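Novice: So you can see what is in the structure, the chains are spelled out below.
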Amino acid sequence: MVALGIESTAHTFGVGIVSDRKPYILADIRYKYTPSKGGILPREVAQYFSTIAGRAVREALGEAGLGIRDLSLIAVALGPGMGPALRIGATVARALSAAYGLPLIPVNHGIAHIEIARFFAGARDPVILYVSGGTTVIATYSYGRYRIFGETLDIALGNLLDTFAREAGLAPPYIVEGEHVVDLCARGGRFLRDFPYTVKGQDVSYSGLLTKALRSLAKGIDIHDVCYTLREIAFSSAIEVTERCLAHTRKNQVVLTGGVAANSILNDKASRMSKLHHAKFKPIPRRYAGDNGVMIAMAGILAFKSGLNGVKPEDAIINQRWRLDRVDVPWFPRIFGE
Amino acid sequence: MVSEDFRRIVSRITSRARILSVGAESVLLVTKLDNYKIILKFRKMKPYMDPELAKSLAVLRTIKESKIMTIINKNGIPSPRILFSLPNAGLIGMEYIEGHTLKETLEQGLVDPRTAGRVAGEIIGRVHSIGIVHGDPTTSNYIIKNNNFYLIDYGLSEFSDKLEDRAVDIHLFRRAALATHAKYADVLVESFLDGYRATLGDYADKVIERASKLELMGRYVAERRTVWSRQNYS
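Order-wise, the sequence lines are chains W and Z. Just so you know, the first sequence maps onto residues 1318 to 1655 in our numbering. Just so you know, the second sequence maps onto residues 733 to 966 in our numbering.
There's no promise every hint is true.
To be verified - With a straight-line cut-off of 30 Å between C-alpha atoms, the simulated BS3-like cross-links for lysine-lysine are:
#1 W:Lys1339 to W:Lys1599
#2 Z:Lys787 to W:Lys1536
#3 W:Lys1529 to Z:Lys877
#4 W:Lys1622 to W:Lys1339
#5 Z:Lys776 to W:Lys1599
#6 W:Lys1568 to W:Lys1536
#7 W:Lys1568 to Z:Lys787
#8 Z:Lys945 to W:Lys1529
#9 Z:Lys776 to Z:Lys796
#10 W:Lys1568 to W:Lys1599
#11 W:Lys1568 to Z:Lys877
#12 W:Lys1597 to Z:Lys877
#13 W:Lys1599 to Z:Lys835
#14 W:Lys1597 to Z:Lys915
#15 Z:Lys796 to W:Lys1529
#16 W:Lys1592 to Z:Lys787
Hints were generated in silico from the structure; no laboratory data involved. These figures come from a predicted structure and were not determined experimentally.
Starting from the given sequences, assemble the full structure and let the hints guide the process.
Specialist: Written out as structure tokens, the structure is:
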């Protein structure tokens, strides 16, 4: 079985082609929208996606050495994400499905992140820390769904780092030689007292931390110290909630997923925390932490094999606020490739 | 006393203790004091944090927890009695309540979720009524011994009489119930709210109402942005 997955929830337009047998990943094409300055505007992203979407699909088929008739299904991320961006992916998927009579499988972007992490880490029932530009969620499986144990009450971890970097004049670009500019700036920094560490039970909050960091900069406090403290508190609190989930559920596996999961410092913290509880932690490849079409195709195959036949093209409606705990995962505990 | 002496005293206290459980916050040890079993709650420095952050969190949390436990005890809320506290060692000594967690008891079907929820809610109501919020009221933090319920682990508790903070407790219980007891979560939560109302009367409804708003603070909840609903369709 071969699936083509389309990802277009945020800044990356990804087309992945995946087989349910080795070597699994047949193609992985990505086009990333990078603004020359400032943040991401949904309309500009959509405009960019519309110009490269057709090319991305052709290139993916070329890389896989397949024709469109060799595909078994089309999987598409219908949310959550930015409406204008989601619509491009949805439109391409609907067109391919309608034109070639292929089953169309709607995929929740967050579920796809979880499934690719379970696949690479070989983790059947992990506690999941899902961290990206728009999401900070601690989730784990219970009774048919991935349930949200904790999350951010305000801004997401990736958003915290990016917003700080932008306001502090460190970005764009946000990533330099594979590392986030806040990480680079944090080198040699010292820990500052009196920055707010906010963990409310199972939730984290970052907006107070962002304000404090920016105010400290304005007061002339060393930027390396501010970056170090900001990152230290932000990562530690997310890992601490993950630890609470692990202790509460007594599970024995931990995975990181989402764009910020590529961060080596965060992986190191997750690994140290897991050791404390004799839990297994295996980082996923950096390349597959962030958004991609491969994970959408994987989640599509899992859903299809568990009996979801897909939706009619006209019913493939995007949902900008589609929470991952609203999605049944009947394939669980199966991992992709099994 | 030099810090060497301090360390020696702490290690004397902890030396013959055995590990009861390793939680996210702390290690619980059991030891004997004059044939009386006690719990030593030991906040270890988190090895994944900057040492200065880890140390300050451990000390500050120990101080706060000791104060709060003292007040909880004074008000007769069913909880372990605090015996002593050594904040610089991250250590609290308390009474050992030898029972099972509500989580285990529910999972084994040894307690009716309706009864359990009600008692759990009543206790949280009493905690709130004395100006304290628990901060982590999951089913792992209630102990049942001889059919009596005890609320444990004030490690994340705060002094607060704010509606918002009280709502967080309600919200946390509800979400923990959904995440770990999905099968009978509705009954558990409903009776928890009944118990809470029974303790706090009409005021309880204000807290409960705020708690449902908190659920909507999570990201991507559709109801949060009803204005956008039209854009949900492409």
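Novice: Going through the numbered hints above, which ones does this structure break? Give me the numbers in ascending order.
Specialist: The structure breaks hints 3, 6, 12; every other hint is satisfied.
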